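Enquirer: Residues per chain are reported as follows:
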Amino acid sequence: MTFSPQLEERFAKLLTRYPAGRERSAVIPMLMYAQDEVGSITKELIDEVAKRCGVTPLQVDEVVGYYSMLHRKPMGKFHVQVCTNISCLLVGGEQLYNHAKKTLGIGHREVTPDGLISLEEVECMGACSWAPAVEINYDFHHQVTPEKLDQLLDGLRKAQ
Amino acid sequence: MAKVLFNQPSPLETKVISQRFVLEGSETLDVYLANDGFKAFLKAKEMTPEAIIEEVKTSGLRGRGGAGFPTGMKWSFVPRNHPKPRVIVVNADESEPGCCKDRLLIEYDPHQLIEGILIASLAVDAHVGYIYVRGEYRYLITKMEQAIDEAYKRGYLGDNVAGTGWKFDLTVHTGAGAYECGEETALLDSLEGKRGVPRMKPPFPAVAGAWGMPTLLNNVETYSSVPAIIRDGGATYAAHGTPKNGGTRLLCLSGHVNKPGVYEIPLGYPMMKAINDLGGGMRGGKKLKAVVPGGSSCPVLTAPECDIPMDYDSLAKAGSMLGAGGMVVLDEDTDMVGFALRVMRFYQHESCGWCIPCREGTTWLRKILQRFYDGHGRKEDIPMIGELSKNMLGRTFCALGDAAAMPTISIIEKFRDEFERYLERTTVAV
Numbered sequence: 001m002t003f004s005p006q007l008e009e010r011f012a013k014l015l016t017r018y019p020a021g022r023e024r025s026a027v028i029p030m031l032m033y034a035q036d037e038v039g040s041i042t043k044e045l046i047d048e049v050a051k052r053c054g055v056t057p058l059q060v061d062e063v064v065g066y067y068s069m070l071h072r073k074p075m076g077k078f079h080v081q082v083c084t085n086i087s088c089l090l091v092g093g094e095q096l097y098n099h100a101k102k103t104l105g106i107g108h109r110e111v112t113p114d115g116l117i118s119l120e121e122v123e124c125m126g127a128c129s130w131a132p133a134v135e136i137n138y139d140f141h142h143q144v145t146p147e148k149l150d151q152l153l154d155g156l157r158k159a160q
Numbered sequence: 161m162a163k164v165l166f167n168q169p170s171p172l173e174t175k176v177i178s179q180r181f182v183l184e185g186s187e188t189l190d191v192y193l194a195n196d197g198f199k200a201f202l203k204a205k206e207m208t209p210e211a212i213i214e215e216v217k218t219s220g221l222r223g224r225g226g227a228g229f230p231t232g233m234k235w236s237f238v239p240r241n242h243p244k245p246r247v248i249v250v251n252a253d254e255s256e257p258g259c260c261k262d263r264l265l266i267e268y269d270p271h272q273l274i275e276g277i278l279i280a281s282l283a284v285d286a287h288v289g290y291i292y293v294r295g296e297y298r299y300l301i302t303k304m305e306q307a308i309d310e311a312y313k314r315g316y317l318g319d320n321v322a323g324t325g326w327k328f329d330l331t332v333h334t335g336a337g338a339y340e341c342g343e344e345t346a347l348l349d350s351l352e353g354k355r356g357v358p359r360m361k362p363p364f365p366a367v368a369g370a371w372g373m374p375t376l377l378n379n380v381e382t383y384s385s386v387p388a389i390i391r392d393g394g395a396t397y398a399a400h401g402t403p404k405n406g407g408t409r410l411l412c413l414s415g416h417v418n419k420p421g422v423y424e425i426p427l428g429y430p431m432m433k434a435i436n437d438l439g440g441g442m443r444g445g446k447k448l449k450a451v452v453p454g455g456s457s458c459p460v461l462t463a464p465e466c467d468i469p470m471d472y473d474s475l476a477k478a479g480s481m482l483g484a485g486g487m488v489v490l491d492e493d494t495d496m497v498g499f500a501l502r503v504m505r506f507y508q509h510e511s512c513g514w515c516i517p518c519r520e521g522t523t524w525l526r527k528i529l530q531r532f533y534d535g536h537g538r539k540e541d542i543p544m545i546g547e548l549s550k551n552m553l554g555r556t557f558c559a560l561g562d563a564a565a566m567p568t569i570s571i572i573e574k575f576r577d578e579f580e581r582y583l584e585r586t587t588v589a590v
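Chains A and B supply the protein sequences, listed in that same order. For the first sequence, this note's numbering begins at 1 and goes up steadily by one. For the second sequence, this note's numbering begins at 161 and goes up steadily by one.
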């Protein structure tokens, strides 16, 4: 399995950054960046990361099961994450999440039939003072109202 | 055009570590160098490790990640003459609900963080460091990597730091979504490529941390505070705060205030002043009901309890904690049963499952609180919520069990009447 030249370069550098014999440390960063390119954590990807880091596929698999950002199934092209934790909750985060569910017609960790958008109710992502917050892929959006969310979703549909 | 910040700075702030935030290009090395950058490192290079640690002790700096442990003392625990190499680790996993300050320190002043790390490396004789950043902060990982690349290119990292001959390598390491990895030993397991579960202590990370090597582990804000301490002297820094609570810290104000935002305040700043002046008062002219002083794991304070200075010791005396600076303000309309449920849902989701009291305790507490919230609560549930919570206290490897229990105990004790009203079905759920 090969990745894009940019990712191959990143991975080659990554493996040199940990003490000798400690390449296992690269497992999580490799999974995170590879997932963005492959779309999800596949069996093939697990085997590849295991081979590159010198660990067993099982040692990679148990890591995949632990971290909430690693997905075994593909999410949408745009993964919309709405925070409902306390700071967001107090200023409308839950209403925002309900609005997103209704508008998109999908629930937690579900994908629209066209594969474009997926939704996830997430825990605190560090935007408490600018709540309620939404993260689309890796882009933060602050003080999001239902109207602003509609505009963002429209933008995603147009951007495809 | 003026730089667009996350929130407007306030004239009431005491700007020490956030003073460069407003500058155009504050993330670049040039702006950093033009504004006192690397003066502290060059000064520290001329000092002995003991003198650096002594200066940090004088500053009164205490860990900004939540525990509030005296930083200078922590540094003194790392054995410099250990046969294994020393490692510096930076905790940028910022995931305590209510906290969003480390984001700004990385986004606006990454070179201040690098300089703080370098000074720490002199103090513990380390030549390698890792910044563990939560996976959700990918854009910050990119920004931090850009700053590190620039520092390497200009000779502020690598084999000859600032022309002094000091060698130091720094790497950014991404997490993948797990609150538990903010706990220092779970973070180390995650850095080693494993599930983030806490380790048995002792040995403490200072002696056997990352890959079994002596490891100095501090929060982003803690390291970021070090350049100012060395440059201006520990006593100058300490003078901003109160005795035993030196310096300034970033307060993340959120919830029902008019001007939520991240503000730098001296330790000992009055909590009510933070709400009324920094925060611009309560939203919609509502009355204050409660405050979560330092992030969701801190026991909740009722409005009458909030007339206190914000320092580690005053908060401890009030039965709560200063935590990681995430101050969440709740107005009179807040439904405390719903709030307690949301807090417990979080801890149940984030419990790593390693310790049974936490894994089972958070699960059952969530179920009971959900039942209560849905209108099917029973009278005996109220004392049971308290008992189940207390059963987690001190019975787990890490503090997550305590973090789930403490706010819950405080809510059930201080707002018991709201739970009782739920039984009468008179409270309308939000």
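Keep in mind the hints are simulated off the structure, nothing from the lab. What you are looking at is a predicted structure, and each value in this text was computed from that prediction instead of being measured. Be a bit skeptical, because a hint or two may be false.
Label-pair ranges, simulated between beta-carbon atoms [to be verified]:
#, chain 1, residue 1, chain 2, residue 2, range
1, A, L15, B, K313, 50 to 58 Å
2, A, D150, B, K175, 33 to 41 Å
3, B, K244, A, P146, 48 to 56 Å
4, B, F237, A, L15, 29 to 37 Å
5, B, D309, A, L116, 30 to 38 Å
6, B, D309, A, R157, 32 to 40 Å
7, A, E62, B, L165, 36 to 44 Å
8, A, P146, B, H509, 41 to 49 Å
Facing chain B, a subset of chain A residues (Cβ under 7 Å, in silico) [what the hints assert, rightly or not]:
#, residue
9, F11
10, R22
11, M69
12, H71
For each residue, glycine too, the CB sits at the ideal point set by N, CA and C.
Enquirer: Evaluate each hint against the coordinates.
Expert: Right, here's what the structure says about each hint:
no.: 1; hint: L15(A) / K313(B): 50 to 58 Å; verdict: violated, 22 Å
no.: 2; hint: D150(A) / K175(B): 33 to 41 Å; verdict: holds, 38 Å
no.: 3; hint: K244(B) / P146(A): 48 to 56 Å; verdict: holds, 55 Å
no.: 4; hint: F237(B) / L15(A): 29 to 37 Å; verdict: holds, 31 Å
no.: 5; hint: D309(B) / L116(A): 30 to 38 Å; verdict: holds, 34 Å
no.: 6; hint: D309(B) / R157(A): 32 to 40 Å; verdict: holds, 36 Å
no.: 7; hint: E62(A) / L165(B): 36 to 44 Å; verdict: holds, 42 Å
no.: 8; hint: P146(A) / H509(B): 41 to 49 Å; verdict: violated, 25 Å
no.: 9; hint: F11; verdict: violated, 13 Å
no.: 10; hint: R22; verdict: holds, 5 Å
no.: 11; hint: M69; verdict: holds, 3 Å
no.: 12; hint: H71; verdict: violated, 10 Å
Checked against the numbered hints listed earlier, the structure breaks hints 1, 8, 9 and 12; every other hint is satisfied.
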